[in-house]
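Visitor: Quick mapping for you: the protein sequence lines, in order, are chains A and B. Taking full-length UniProt numbering, the leading residue of the first sequence gets 1, the next gets one more, and so forth. Taking full-length UniProt numbering, the leading residue of the second sequence gets 1, the next gets one more, and so forth.
FYI, nobody ran anything at the bench for these hints, they're computed from the structure. By construction, the Cβ of each residue, glycine as well, lies at the ideal position given by its N, Cα and C atoms. Any given hint could turn out to be false.
[Unchecked claim] To give an idea of the chain B side of the interface with chain A (calculated C-beta under 7 Å), a few residues:
#	residue
1	175
2	426
3	479
4	480
5	490
6	492
7	518
8	525
9	548
10	550
11	593
12	604
13	615
14	638
[Stated by the list, open to error] So, partial list: chain A residues that the calculated Cβ filter (under 7 Å) puts toward chain B:
#	residue
15	113
16	165
17	360
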Amino acid sequence: MSGPNTDYDPVEVTPLKADQVEAMREAALTAIADAADLEALKQVRLDHAGDRSPIALANREIGALPPQARKEAGQRVGQARGAINQAIAARQAVLEAEHEERMLVEETVDVSLPTTRRRRGGRHPLTLQSELIADLFVAMGYEVAEGPVVEAEWLNFDALNLGPDHPARTMQDTFWTEPADDHVVLRTQTSPVQARTMLTRTPPIYVVCPGRVFRTDEYDATHSPMFHQVEGLVVDEGITMAHLKGTLDHFASQLFGDGITTRFRPSYFPFTEPSAEVDVKCFVCRGGEGVAECRTCRGEGWIEWGGCGVVNPRVLVACGVDPEVYSGFAFGMGIDRSFMFRHDLEDLRPLFEGDVRFSSAFGTEI
Amino acid sequence: MKAPLSWVLDHVDVPEGTTTEEITDRLTLTGLKLEAVESPGREITGPLVIGRVLTKEPEPQKNGKTINWCTVDVGDANGTGEPQGIVCGAHNFEPGDLVVTVLPGGVLPGGFEIGARKTYGHLSAGMICSARELGLGDDHDGIIVLPADAGEPGQDVRPVLGLDEETIELEVNPDRAYALSIRGIAREVLVSVEGATGFRDPALRDTPPANDDGHPVVVEDAEGCPVFVARKVTGFDPTAPTPDFMVRRITAAGMRPISLAVDVTNYVMLETGRPIHGYDADKVQGALVVRRAREGETLTTLDGTKRTLDPADLVVTDDSGIIGLGGVMGGETTEISDTTTTVLVEAAHWDAVSMFRTGRRHKITSEAGKRNERGVDPTICEAAADRVVELLVEHGGGQADPGVTVVGTPPAMPVVEVPGDLAARVSGMPITEERSVECLRAVGCEVSVDGGGAGTLSVTPPPWRPDLTDAQDFSEEVIRLVGYDKVPSVLPTPPSGRGLTRPQQLRRRIGRTLAGEGFVEVVSFPFVGAADLDALGLTAEDPRRDLLQLSNPLSAEAGFMTTTLLPGVLRAAGKNVGHGNTDVAIFETGTVTLPRHSGPAAILPVDRRPTDDEFAALDAALPAQPLHLALVAAGDAVAGGWWGEARPVSWADAVDAVRAVAEALGLEVTASSVELAPWHPGRCAELSVDGVVVGHAGEVHPTVCEAFGLPKRTVAAEVDLDLLIERAVHLRKAPTFSSYPVAKEDVALVVDASVPAAAVEAALREGAGELLESIRLFDVYTGDQVGEGKKSLAYALRFRAPDRTLKEGEAAAARDAAVALAAERTGAVQRA
Ligand SMILES: [Zn+2]
Chain A
1 MSGPNTDYDP
11 VEVTPLKADQ
21 VEAMREAALT
31 AIADAADLEA
41 LKQVRLDHAG
51 DRSPIALANR
61 EIGALPPQAR
71 KEAGQRVGQA
81 RGAINQAIAA
91 RQAVLEAEHE
101 ERMLVEETVD
111 VSLPTTRRRR
121 GGRHPLTLQS
131 ELIADLFVAM
141 GYEVAEGPVV
151 EAEWLNFDAL
161 NLGPDHPART
171 MQDTFWTEPA
181 DDHVVLRTQT
191 SPVQARTMLT
201 RTPPIYVVCP
211 GRVFRTDEYD
221 ATHSPMFHQV
231 EGLVVDEGIT
241 MAHLKGTLDH
251 FASQLFGDGI
261 TTRFRPSYFP
271 FTEPSAEVDV
281 KCFVCRGGEG
291 VAECRTCRGE
301 GWIEWGGCGV
311 VNPRVLVACG
321 VDPEVYSGFA
331 FGMGIDRSFM
341 FRHDLEDLRP
351 LFEGDVRFSS
361 AFGTEI
Chain B
1 MKAPLSWVLD
11 HVDVPEGTTT
21 EEITDRLTLT
31 GLKLEAVESP
41 GREITGPLVI
51 GRVLTKEPEP
61 QKNGKTINWC
71 TVDVGDANGT
81 GEPQGIVCGA
91 HNFEPGDLVV
101 TVLPGGVLPG
111 GFEIGARKTY
121 GHLSAGMICS
131 ARELGLGDDH
141 DGIIVLPADA
151 GEPGQDVRPV
161 LGLDEETIEL
171 EVNPDRAYAL
181 SIRGIAREVL
191 VSVEGATGFR
201 DPALRDTPPA
211 NDDGHPVVVE
221 DAEGCPVFVA
231 RKVTGFDPTA
241 PTPDFMVRRI
251 TAAGMRPISL
261 AVDVTNYVML
271 ETGRPIHGYD
281 ADKVQGALVV
291 RRAREGETLT
301 TLDGTKRTLD
311 PADLVVTDDS
321 GIIGLGGVMG
331 GETTEISDTT
341 TTVLVEAAHW
351 DAVSMFRTGR
361 RHKITSEAGK
371 RNERGVDPTI
381 CEAAADRVVE
391 LLVEHGGGQA
401 DPGVTVVGTP
411 PAMPVVEVPG
421 DLAARVSGMP
431 ITEERSVECL
441 RAVGCEVSVD
451 GGGAGTLSVT
461 PPPWRPDLTD
471 AQDFSEEVIR
481 LVGYDKVPSV
491 LPTPPSGRGL
501 TRPQQLRRRI
511 GRTLAGEGFV
521 EVVSFPFVGA
531 ADLDALGLTA
541 EDPRRDLLQL
551 SNPLSAEAGF
561 MTTTLLPGVL
571 RAAGKNVGHG
581 NTDVAIFETG
591 TVTLPRHSGP
601 AAILPVDRRP
611 TDDEFAALDA
621 ALPAQPLHLA
631 LVAAGDAVAG
641 GWWGEARPVS
651 WADAVDAVRA
661 VAEALGLEVT
671 ASSVELAPWH
681 PGRCAELSVD
691 GVVVGHAGEV
701 HPTVCEAFGL
711 PKRTVAAEVD
721 LDLLIERAVH
731 LRKAPTFSSY
741 PVAKEDVALV
751 VDASVPAAAV
761 EAALREGAGE
771 LLESIRLFDV
781 YTGDQVGEGK
791 KSLAYALRFR
801 APDRTLKEGE
811 AAAARDAAVA
821 LAAERTGAVQ
831 RA
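Isolated chain A, as found in the complex:
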């Protein structure tokens, strides 16, 4: 730092002359405006505002001036320095913004590139269909009942009014197990779950039981030794066929669409009396125009859906329910079959072939 110097002639201090300071300022502002990028601006800052810049050197000389001249020179230099720093800051902001913008442009990617790095999983459509059906009934207040697939003969047949010599036993081609006198079968229907339910719960009973069942059918486009059924069972006071019809109409409209109803035809099942076949109105043509060409219902307007009826009092007795107090209804449908016509599948085999392309098509909900 320079202290006061009495020997020094202030007139001789050239850098502090007004035109000189003005020139420094002009030179600095021009250089700042000309700085093309942050790097250049950094150099400009060193050259025109740094410790060794002319204006900084000039500032050092102020102390050498006589006191009366200091004020004016100080003001002059101070203003010039302020203007220069301000200009640098402004230029800095502009250049930084430009830089930022350029960087973002440079970082542009092709967002159309494939992004699937991980495999997508999926659940089996029959699982999804079973859950969907269970949910429809759970929403009505039903519970979901379950039972084993390897089942006691008594529960699969006898308890359901299918005695050992019942002709209807030949209607169902049963897988039997060894040793034969163990009386164990692969369940041919989900109905043994009904029996189990009545044996383990007290009415009112409102349950639905989806599950796997087995028949000795050769495997082809329309038959499988294993398939899926859903059965419903209601046991309560005053239950009638009308309640059965109401329930199945509701089920049909929930599964196939508003306005889809059912039709009953007399039939025979040992565990129900009266018994009925259930047809569901074709949800594609609705039996209207186009029914003749309809592939889904093959021109019938109706699709065979399942069987149902009023629980045979004999079944109630065998399962410990008093038929004088309670009555009930039961129904059963093929889940695979329902899936097939709901999703336009003609050959059932893809359901059991394990090709991931099939299950994947349905994702995790249907």
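With chain A fixed as given, assemble chain B with the ligand onto it according to the hints.
Guide: Below, chain B with the ligand without anything else, positioned relative to chain A:
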């Protein structure tokens, strides 16, 4: 049951103009579902008329054949009235004969279009038809020559040949055996079709009274054979042809015409529902005796099969021994043949259960057996036998023998008390007692309204309805006649449900978790064979070889219920790879069958609830059937692409998928090394939760990979989900976090290669104490720098106190304590 409609309408009248469709619609709605309507001429269109042959000029041809150039009078059917010139290759006719002529524009079965065409030097305008060309059978011995009184030339020939006769095929449920007859179907038409009247029961006829002059019959087992009627026709002409109408009806009903005597018995069976057996009387020696077979007795039945009989089989014998399996199939020795001149007719009522058992035992399905095992009207034996005699006499030129043997009486039908309002209570429809009575009488029941007290009907079912035994059976009869279509639609009101059970919810959660992990669900059949388990490389002692055997599998190679889901998923994965989907990850959940060899599942009574002990014993007799999960992954876990290299699946993916499932249930899995097929002996993890082994995961043994068509390094896991689900954490506690700063310490430890990382980690955790927040293994190194048989494990440790900032050196002290314990437990040495 296939029923020619004209035959049905011989026995009941429907209002003029009632269409076939109207009839079958009604039958369908009341319980006889229409399967199909067929007619022999349904494929024939265009002019098919009676023609009279005017001239017939034989013309030998160069190829050695002789054709006939004919002129045929077809009346005005050809539009000109002029004779039609037709070339005919057959020779079995003469001028003056009436023949079946199809004119140009007609189409015969198989889409064979008839036109006028030049042939053998003539313009042949039409064709004279054979039975085969009309689709009426295989007879191609020549053209059809019609009877002289068949009609006038030019008339449509269809009615003459019965070509338009429709046959309705109805599905008959096992409880409605009476509908396996024209009689039963006609009765259904009567009660179902609006305005139908005039039912004429083919089994209602005056029959001659029984006398002592008939063939002697002894019934030793009246329970098995309550009624036995025998009649005889003598002087029968075995060459007499079966009349056309009978051939047509039998054929339309789906049976094969054989000879007049056999055809008549079948015709009467179809008409009345009562199976009839005919014997060649000259081959029967002495009295017919009905009894049960004796141990070791044999019989060669009509189908040529020699059968060893069961003591429960009902048989008919004569002095020579057994001559028939009663009600099921006759024997060879007394079979009617083309020399039979005396026919012995048997119309007997057999016990349905015996019929069912014998049919099943000997695997015989026959039209007679089908009816006898479902129950036939026991009161019509005499009428049916009489009808057979009548037809044999009429068409076979014989005489009815005056002897009439009738043994036994039809069992009486039970009287059933039926509440008068039952139909209303069951159906939910306002059906009055009067309406119920009306319907029950319509189906043939006798109803007494004041027999059983107020509001109760005493109902006797008709003898052809053995299925009507319970009160509720009668309500079905009422409701089906009132109409199932009239049942209103009413939703019941269930009590509040509890939703899905927790295991049901968790199973769904597991499926979604695995789908989220990139696995696709498959469903396989649970059938396996020894070869599948061999392919897994299971040892002879492996408990998974204890399989439940099926008595009647669809294939011998898959004759057991599986104990593991692995064969199914490995096969499915192999198939996907075979289809070119080389990067595949699949899973399956399902029950497996683990035999308990705990003895028979009792056949309990059905007239009461089983006791709790009886019910529990049933369950105990069944195999254990835990729910399993199996998964397989092959190929790349992460595909290669613009983002970088592919990452192939590794054993760790299989373990991690199971961990993901367990975490979804709030559970933590620990893994330890084990050797187990089908896994790689050095890359199989035994997975435990709370110290219980729940499953296994790892890399599949290369030999197993090869067996299933999978690439090496395929990975798999199998887990018992029941074990996981029963341990699932129900309510998880909300966590709390410390907001004080973390202190990080890294350590690298060198241990023997055989020391499990899990053991080192456990020691570090314990040694580090409460301040340890987390520990992560971030590097495993083997190589020169640590020496042979050693590995270096590098861990990142994070320390934090819940209530304060850690003091200088506190974390380092905890780290040193951790290392010290690891050194003590596992021999770990801190790497410099
Ligand atoms: Zn349709």
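Visitor: Next step is simple, just say for each hint if it's right about the structure.
Guide: Okay, the hints, checked on the actual structure:
Annotation: interface hint on residue 175 of chain B holds; nearest CB of chain A at approximately 5 Å, less than 7 Å. Satisfaction of the interface hint for residue 426 of chain B is found here, the shortest Cβ-Cβ separation to chain A being roughly 5 Å, below the 7 Å cut-off. At its closest, the beta carbon of residue 479 of chain B sits 5 Å from a beta carbon of chain A; the interface hint therefore holds under the 7 Å criterion. Evaluation of the residue 480 of chain B hint against chain A yields a held restraint, the C-beta minimum of about 4 Å falling below 7 Å.
For residue 490 of chain B, the interface hint holds, the least distance from its beta-carbon to any beta-carbon of chain A being 4 Å, beneath 7 Å. Of the supplied interface hints, the one on residue 492 of chain B holds, with its beta-carbon coming within about 4 Å of a beta-carbon of chain A, less than 7 Å. Interface hint at residue 518 of chain B: satisfied, since its Cβ lies 4 Å from the closest Cβ of chain A, which is below the 7 Å cut-off. For residue 525 of chain B, the interface hint holds, the least distance from its beta-carbon to any beta-carbon of chain A being 5 Å, beneath 7 Å.
Taking 7 Å as the C-beta contact cut-off toward chain A, the hint placing residue 548 of chain B at the interface holds, the least distance being around 6 Å. The closest approach between the C-beta of residue 550 of chain B and any C-beta of chain A is roughly 5 Å, which is under the 7 Å cut-off, so the hint is satisfied. The beta carbon of residue 593 of chain B comes within 5 Å of a beta carbon in chain A, closer than 7 Å, and the hint placing it at the interface holds. With its C-beta approaching chain A no nearer than about 5 Å, residue 604 of chain B sits inside the 7 Å limit, and its interface hint holds.
Among the interface hints, the one on residue 615 of chain B holds; its C-beta lies about 6 Å from the nearest C-beta in chain A, closer than the 7 Å criterion. The interface hint given for residue 638 of chain B is met, as the beta carbon of that residue sits about 5 Å from the closest beta carbon of chain A, less than 7 Å. At about 6 Å, the closest approach between the beta carbon of residue 113 of chain A and any beta carbon in chain B falls short of 7 Å, and the interface hint on this residue holds. At a threshold of 7 Å, the smallest CB-CB gap from residue 165 of chain A to chain B is about 5 Å, leaving the interface hint in force.
Residue-level restraint check for residue 360 of chain A holds (minimum Cβ-Cβ distance to chain B is 5 Å; threshold 7 Å).
Of the hints listed earlier, there is not a single one the structure fails to meet.
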